[in-house]
Amino acid sequence: MGTMLKIDNINVYYGAIHAIKGISLEVREGEIVTLIGANGAGKSTTLRTISGLLKPKTGKITFLGGNIAGRPAHEIVREGISQVPEGRRIFAEMTVLENLELGAFIRKDADGIRKDMEMVFRRFPRLEERKDQQAGTLSGGEQQMLAMGRALMSRPKLLLLDEPSMGLAPLLIREIFSIIEDINKTGTTILLVEQNANMALSIADRAYVLETGRITLSGDAGKLAASEDVRKAYLGG
Amino acid sequence: MELSQQLLQQLINGISLGSIYALIALGYTMIYGIIKLINFAHGDIYMVGAYVGFFAITQAQVSILPALLISMVVTGLLGMLVEKLAYKPLRHAPRISILITAIGVSFFLEYASMYFVSPTPRTFPEVIDNVAFHVGDLVINGQQLLILGITVVLMAILTYIVQKTKLGKAMRAASFDTETAQLMGVNADQVISFTFVIGSSLAAVAGVLVGVYYNSIDPLMGIMPGLKAFVAAVLGGIGILPGAVVGGLVLGVIEALVSGFISSTFRDAAAFAILILVLLFKPSGLFGKNTNEKV
Ligand SMILES: Nc1ncnc2c1ncn2[C@@H]1O[C@H](COP(=O)(O)OP(=O)(O)OP(=O)(O)O)[C@@H](O)[C@H]1O
Ligand SMILES: [Mg+2]
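These protein sequences, in sequence, are chains C and H. If you read the first sequence in this note's numbering, its first letter stands for residue 13, the second for the next number, and so on. If you read the second sequence in this note's numbering, its first letter stands for residue 1139, the second for the next number, and so on.
Just so you know, the hints here were simulated from the structure itself, not pulled from any lab data. Since the structure is predicted, the reported quantities are computational estimates derived from the model, not experimental observations. Every residue, glycine too, gets a C-beta built ideally from N, C-alpha and C. Errors might be hidden in some of the hints.
What follows is a set of in silico ranges between Cβ atoms, one per label pair, in the way DEER data are often shown [to be verified]:
{"id": "1", "chain 1": "C", "residue 1": "104", "chain 2": "H", "residue 2": "1246", "range": "43 to 53 Å"}
{"id": "2", "chain 1": "H", "residue 1": "1305", "chain 2": "C", "residue 2": "42", "range": "29 to 39 Å"}
{"id": "3", "chain 1": "C", "residue 1": "120", "chain 2": "H", "residue 2": "1276", "range": "44 to 54 Å"}
If we strip away everything but chain H, and leave its shape as in the complex, we get:
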């Protein structure tokens, strides 16, 4: 294969992977935007999403789209529950308490899952025909098309909700200035709940899609993608929605290029090297304004 073609091929692979990161990163960034919490349990929410999808397909025998919907609803409710039980009581506590709680929730979800579904990895069933489309020498497979299609649709819906609906406006207002939003009549508790529902259901979709893409899921599968998506959110500028999408895509492409042209062993190192570079040179991220806010 020619170099330019190989480059394009890695681009396709990178955008697929990057879409997954973007879906997870959106939740990180939305939750950070509204309660200034790096929700370290978010990767595990994604894992639960993958399992809910898995059981919907294998036990309830539904096809991929209903499985995605079921997973979004169940995982969205789980995210809401986590916020109500674990984070809400700490709303006025020092930020470090809630951060430590998030790490606790993360372990809880990982080990509770091991207890209930066993630590053994599960083989995700084949839900779409194993087709591959050839464009010249480029190959794009069915799973990649599914990931891209679903991601695009979800981004469009999310953009509509956030930009046009009353609830979306309330979310943006509360992210910018919770107190003043309350003076407008916005119920901050409701908006926070809603944000966790949306963020968690996007992560659920990512979980199911990863199952479809890599065929394997396990209770600790959320750790690495969770960290990567966090890097993506920081890269784009934490709290900024388009930043999370661009950050996820950039990260996915860089990882694909590194594994395609150098070695896949350096893939993860590349992601964290990016985090360090961003924190050193543009801590506010690609889309962030350069403020001196202490985080």
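Pulled out of the complex, with its shape left as it was, chain C reads as follows:
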């Protein structure tokens, strides 16, 4: 299948801190690709650079053939990339419905928006029950669902997920991951960042391992899950 996203040797800095040191990676249409690594490895930095919140100092990011490196975030979402940020970052003081409406901010097709809202509610029935509630009063799991629903409202071609399992109970993590698989099956390509490498590798097609700003391993998710090095470093033996 065709390449959707191609990152070519990017370097990202926070002031003098060199956070991403020449990363290259690729996401093909229809895939679930996961980026795993320890705290501070640079996973969020990579996602935030793709979505335009950070600008790479050097390197190229190509999405569906066009260069998007350095373009502002509010334009990149219009190209079809939507990010679920680390820690959810829902608009706590707005209602669930308003959060979802903001997810569709770039769209003008009222009918399509309504249909997608129904789709989100089918996927996350708990959001529908709470649609007029302030988003800040939702539980952690519900907030994660809202953040995902909000991201889907822009109808992304590529969905970037930053640690969706963070702070959730095991049962809820399972639920969230099966929803991610389902979103992928209905046609959305996914780049998933996780510390929970076990779960991430179990649903991904391919994986990259990030260590202090560099990619140290990459390949088929199943093979990586079986590899001795990865087991030792990330899967608890």
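Once you have looked at the hints, place chain H with the ligands on chain C.
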């Protein structure tokens, strides 16, 4: 006059004055909400608004409502320009730089106005008939009715924009979390510009109404009301729109009561005593949540 009646009378005066503070405080609080800047030039924007209204009435010979509209548009654009030229280049600079810049803009507007329109106070023309309505022993005059009417209409429009329109939702989202709003496709620069336009045009209305109420305007007229409106915004909880309105009204009423029952010399002292009390006992303001955010 009986005590209760005098109290009611001061309440009417206080609410009129408080409406003016509320209109200015809204701009403070909206701008703070979105870029975390105490815009010290906001009082001077209000002054410019008063002058634009003054010239619209005296030179262009329009009546009060068109004068208000002209002043809103011109002053709104000035607010936008100030943001683009003075604050936007400092978006990622330390907060103290932009605060000092705001003070610089304030002086610039004051002294540029003195240069262009002279420091001499101007007498604001009488734009509405000098009528007074008597309800029992209470007096409410035409200017007060005008202030109340216009304030209520503007608050209704503002509430509609902020709560119901797409732009209003983008504003609220960007105030809460600018980065995430950008991920939704919100152009933060546009939203910030728009916020300055709205805040400045509300201040312009306050400026014109003060001209109508007190009949006199001058290039330094923005300093005191600017500070008072800042107190009002802090009292209500900076960044919170209904807080700015309530804060403005409370401040106006307290000032009216102090000047009515004690002495008008203590009026300003009362306002700043409130600021100190709020900062001591509830720094997040009447409507604010008690967070430990460092400001
Ligand atoms: N705003 C910032 N300013 C300075 N340094 C930063 C900033 N954000 C991240 N860093 C640094 O960049 C590096 C990569 O951080 P990043 O947040 O991308 O890691 P991560 O892999 O997402 O970690 P985690 O799993 O904890 O979320 C870290 O060393 C971090 O300290
Ligand atoms: Mg991270």
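Status of each hint after checking the structure:
1. C/104 - H/1246: 43 to 53 Å: Distance hint for residue 104 of chain C, residue 1246 of chain H is violated at roughly 38 Å.
2. H/1305 - C/42: 29 to 39 Å: Since the Cβ atoms of residue 1305 of chain H and residue 42 of chain C sit about 36 Å apart, the hinted range of 29 to 39 Å holds.
3. C/120 - H/1276: 44 to 54 Å: At roughly 52 Å between Cβ atoms, residue 1276 of chain H and residue 120 of chain C fall inside 44 to 54 Å, so the hint holds.
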